[in-house]
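Asks: Which chain is which? The protein sequence lines are A and B, in order.
Each number in my numbering comes from the position in the first sequence (counting from 1) with 103 added on.
Each number in my numbering comes from the position in the second sequence (counting from 1) with 103 added on.
Wrong hints could be hidden among the right ones.
Unchecked claim - Using 25 Å as the maximum straight-line C-alpha spacing, the simulated BS3-like pairs for lysine-lysine come out as follows: (1) Lys242(A) / Lys111(A); (2) Lys399(A) / Lys199(A); (3) Lys241(A) / Lys111(A); (4) Lys149(A) / Lys241(A); (5) Lys148(B) / Lys399(A); (6) Lys266(A) / Lys148(B).
What the hints assert, rightly or not - Computed footprint of chain A on chain B, listed as stretches where at least three residues anywhere in the stretch have a Cβ under 8 Å from a Cβ of chain A: (7) 118-131; (8) 139-153.
These are computed hints drawn from the structure, not numbers from a lab.
No residue lacks a Cβ here, since even glycine has one placed at the ideal position from N, Cα and C.
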Amino acid sequence: MPVLRTHKSTFQTTTHTLTAANHWNHLLARFGVKRAWHRVEPGLYKLGNPTPESPVFVTGNYTLSFDALRVALSGIDASILVLDTFGVNVWCAAGKGTFGTRELINRVQDTRLGDVVIHRILILPQLGAPGVAAHEVKKATGFRVEYGPIRADDLPEYMKTRKATPEMRTANFTLRDRVVLIPVELVGAFLPMLGAILAGYLLGGWLLAGATATSILAGTVLFPILLPYLPSREFSFKGFVLGALVLLPFLFLHFNFNKEFVWQSVLGVLGYLLVFPAVTAFLSLNFTGCSPFASKTGVRFEINKYIPIIAWSFGVGIVLTIVLRILNLTGVA
Amino acid sequence: MEASLYIGINTLLYEPEVCINCGMCSAVCPHGVFQAGETSALLVKPADCM
Chain A
104 MPVLRTHKST FQTTTHTLTA ANHWNHLLAR FGVKRAWHRV EPGLYKLGNP TPESPVFVTG
164 NYTLSFDALR VALSGIDASI LVLDTFGVNV WCAAGKGTFG TRELINRVQD TRLGDVVIHR
224 ILILPQLGAP GVAAHEVKKA TGFRVEYGPI RADDLPEYMK TRKATPEMRT ANFTLRDRVV
284 LIPVELVGAF LPMLGAILAG YLLGGWLLAG ATATSILAGT VLFPILLPYL PSREFSFKGF
344 VLGALVLLPF LFLHFNFNKE FVWQSVLGVL GYLLVFPAVT AFLSLNFTGC SPFASKTGVR
404 FEINKYIPII AWSFGVGIVL TIVLRILNLT GVA
Chain B
104 MEASLYIGIN TLLYEPEVCI NCGMCSAVCP HGVFQAGETS ALLVKPADCM
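Throw the hints in and build the complete structure from the sequences for me.
Replies: Spelled out as structure tokens, the structure:
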């Protein structure tokens, strides 16, 4: 259990509605601006006009998590106990133990929750479960942990029966779930991409610059969209396939421009095929961390298997492309 | 998109003989790795564990 110095508890009232500032904050979070600082103060929040009988919902202090919860609870008076997860979402925080047993017990005691409500039930998001030993919370605080659905949106339905359907309990990765991840990937890749495009241009003109941009955009934008439709169960292999597919028009153009020098254009095409699918595959491998099903051991397996291939392919391809360029400039070929 | 679309390598260990059949695992697992059984939980989709 990690020992963390968390922030002290606040006591505030909140609402079921989002302000323009909230929406702006969400947009910045989606684009990765000050990524770790989209936080609400940990502590106890009154949502609407809760009575001592009103339910208590527990969440992390990431604004997207907290706001999703309070909006979903539209029309429900409740208390919200916000744990200090350092601005990280519930699932990831549970994995690292900040959305965890110790913090939950401390926060219940710190806010004197036992004096605020008369029942002894805490409703936690299902994905908080990896970090929380419910029986220890019960022993230390007297509160029984109840796991609600995965998504806050399903809470009103859940509150009617206090039972989550199998659909509510299953993690999805829908097109929408995948598309919202694109901006932050794009922002992360943007500066290296500009540098790479410039390098591509200097080395081989617009065609090479275009292939550079395309392979990077394929790894950051197309990959999340096409994930379920690409062959293989390995992200890296999917990335190689996608990288090769988007490269086809460039190979065709390259071949067309260099028709009269056969061996040169064949080697040039080989250079493209070694460099660019490797770039797309690398970015695709990176995306495992965004998915709701890649296991740590699975990703380690992929890294050990594919990083050497990606590095060699990229390295040899770059050397080949540079040598061809030098031969071309010096008039040897 | 489903969990079975990943490569299925993980470190999951399950010892049915120490299971007290409380039902918590099948409730909280987002990929349905466990299912409620008669006397102990059933490990039905080990490859989907992350």
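Asks: Hints first: check each against the structure and report whether it holds.
Replies: Hints, one by one, checked against the model:
Proximity of Lys242(A) to Lys111(A) is assessed by CA-CA distance (about 23 Å); at most 25 Å being required, the pair is judged to hold. Restraint check for Lys399(A) and Lys199(A): the C-alpha separation of about 13 Å stays at or below 25 Å, so the hint holds. For the hint linking Lys241(A) to Lys111(A), the alpha-carbon distance of about 22 Å falls within 25 Å, and the restraint holds. This hinted pair checks out: Lys149(A) and Lys241(A) have alpha carbons roughly 23 Å apart, not beyond 25 Å.
Simply put, Lys148(B) and Lys399(A) have alpha-carbon atoms about 17 Å apart, close enough for the 25 Å limit, and the pair holds. In summary, the hint linking Lys266(A) to Lys148(B) is supported, as the alpha carbons are separated by about 23 Å, within the 25 Å threshold. For the stretch 118-131 of chain B, the proposed coverage by chain A is satisfied: 3 residues have a C-beta within less than 8 Å of a C-beta in that chain, meeting the threshold of three. Chain A is given as covering the stretch 139-153 of chain B, and this holds because 3 residues of the stretch bring a CB closer than 8 Å to a CB of that chain, at least three being needed.
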